[in-house]
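Student: Note that the protein sequences, when read in sequence, are chains A and B. Numbered according to numbering that gives the first Met the number 0, the first sequence spans residues 0 to 212. Numbered according to numbering that gives the first Met the number 0, the second sequence spans residues 0 to 212.
Hints are computed from structural coordinates only; laboratory data are not their basis. Don't take every hint at face value.
For chains that are exact copies, the list does not tell them apart, and a pair is met inside one copy or across any two.
Said to hold, decoys possible - With a straight-line Cα cutoff of 25 Å, these simulated DSS-like cross-link-like pairs (lysine-lysine) come out: (1) Lys65 to Lys170; (2) Lys28 to Lys40; (3) Lys140 to Lys128; (4) Lys127 to Lys138; (5) Lys212 to Lys125; (6) Lys212 to Lys170; (7) Lys125 to Lys179; (8) Lys128 to Lys143; (9) Lys170 to Lys111; (10) Lys65 to Lys40.
Number of protein chains: 2
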Amino acid sequence: MSTLSPSTRAIMPSHTRSRVWCRDHTGRKYTYDQATGLIRKFHGHTAPGLIIGTKMVTLAMDCLPKDTIFDAVCETTSCLPDAVQMLTPCTVGNGWLRIQDLGRYAVILYSKREGNGFRVAIDPAKLKKWPEFYAWFFKRKAKKDQDFNRLLKEIHAAGETVLNVRAVAIKPSYLVRRSKGAIGTCVQCGEAFPLAHGSSCRGCQGQAPCETK
Amino acid sequence: MSTLSPSTRAIMPSHTRSRVWCRDHTGRKYTYDQATGLIRKFHGHTAPGLIIGTKMVTLAMDCLPKDTIFDAVCETTSCLPDAVQMLTPCTVGNGWLRIQDLGRYAVILYSKREGNGFRVAIDPAKLKKWPEFYAWFFKRKAKKDQDFNRLLKEIHAAGETVLNVRAVAIKPSYLVRRSKGAIGTCVQCGEAFPLAHGSSCRGCQGQAPCETK
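All chains should be built: construct the whole structure from the sequences, respecting the hints.
Tutor: Okay, structure coming up:
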């Protein structure tokens, strides 16, 4: 199941590959190889951002007091939301995961009730020790010039050492349950929409992503 | 694995419960009971919106020419994105699923290359035949007054008959690969961020979702 080349695998001690890389919210543990398998299954390919992402989500869960019922915020749309969706009950569709796209590779898990939690991010200063990881993260190399096996090897070896974690309090607005309000039928398209959007739906207001053929 | 009460199950003919309810992009088929099991596993609970959502995504896939490599757009944040993530390779994290929140319960699957595809939505006119489904969809009943078993039974019985499907062309902007552009280090927080956002990251510009404790 490993995506590492045979030569790369050969130089990694077997105890490293068999160690726990991440876990899900039920406590089920995954080795690095199992985690990359899970990533390919859900995300379609071995995204480096998800490999470190699964470590980030695991670290945040480990910091929370046992049995905390938590929600999640990702500060980026790239990869990281999938790490949350793979390892926790929080999804975009159930609303327990929100994406606030700040372009920062960071995830926050926080108590659904009190809002206390932990924010895990990649620390650029710590990343400097890992040239391929650094170059990938800061987009310093064109894709064709990247050494993918070395990149994965560095992420694997670096693990938690490139992460920062800090205790945070989520802003109160995130603790309020959002409601769409009353639902009506759009006079133009005839579909259901939240009446708070106006007299017609946003699609008929020009925001539709497609046109009928 | 069924969420239906014994009495509800008793009045549903067994051939209905054993029929294919939905399928994933690999062609793997799920009965209604298997689909609700999958929903609970990914989404945490038996969301009615996801039951009809898995049917919607299946219908859209069935309409696409065989072997089409497709992307997805959901016109709502509620439930439906999870149906896409459960049954297709499109996720929020890999960018193949985008959410354009128009508050309409509709999903579009379209060819990644040409942009041709199909939009599936719930048709309020067709829904009127199913009082509990209609009342739930239009939020006409408080949760405590809903008959959950009847709601599921109506969704199950209604299936595709409440859906509209039409051929569409996605707008050209959705076919362009988005790039974050150059990445730099924020002078305030020291984290990586897209330089296009300004001299400091959006988090340091006041959009951070949390505060350090």
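Student: Decide, hint by hint, whether the structure agrees.
Tutor: To see whether the hints hold, each was checked on the structure:
no., hint, result
1, Lys65 to Lys170, "within (22 Å within a copy, 47 Å between copies)"
2, Lys28 to Lys40, "both (17 Å within a copy, 17 Å between copies)"
3, Lys140 to Lys128, "within (17 Å within a copy, 58 Å between copies)"
4, Lys127 to Lys138, "within (13 Å within a copy, 53 Å between copies)"
5, Lys212 to Lys125, "between (52 Å within a copy, 23 Å between copies)"
6, Lys212 to Lys170, "between (44 Å within a copy, 11 Å between copies)"
7, Lys125 to Lys179, "between (43 Å within a copy, 22 Å between copies)"
8, Lys128 to Lys143, "within (22 Å within a copy, 57 Å between copies)"
9, Lys170 to Lys111, "within (12 Å within a copy, 38 Å between copies)"
10, Lys65 to Lys40, "between (28 Å within a copy, 21 Å between copies)"
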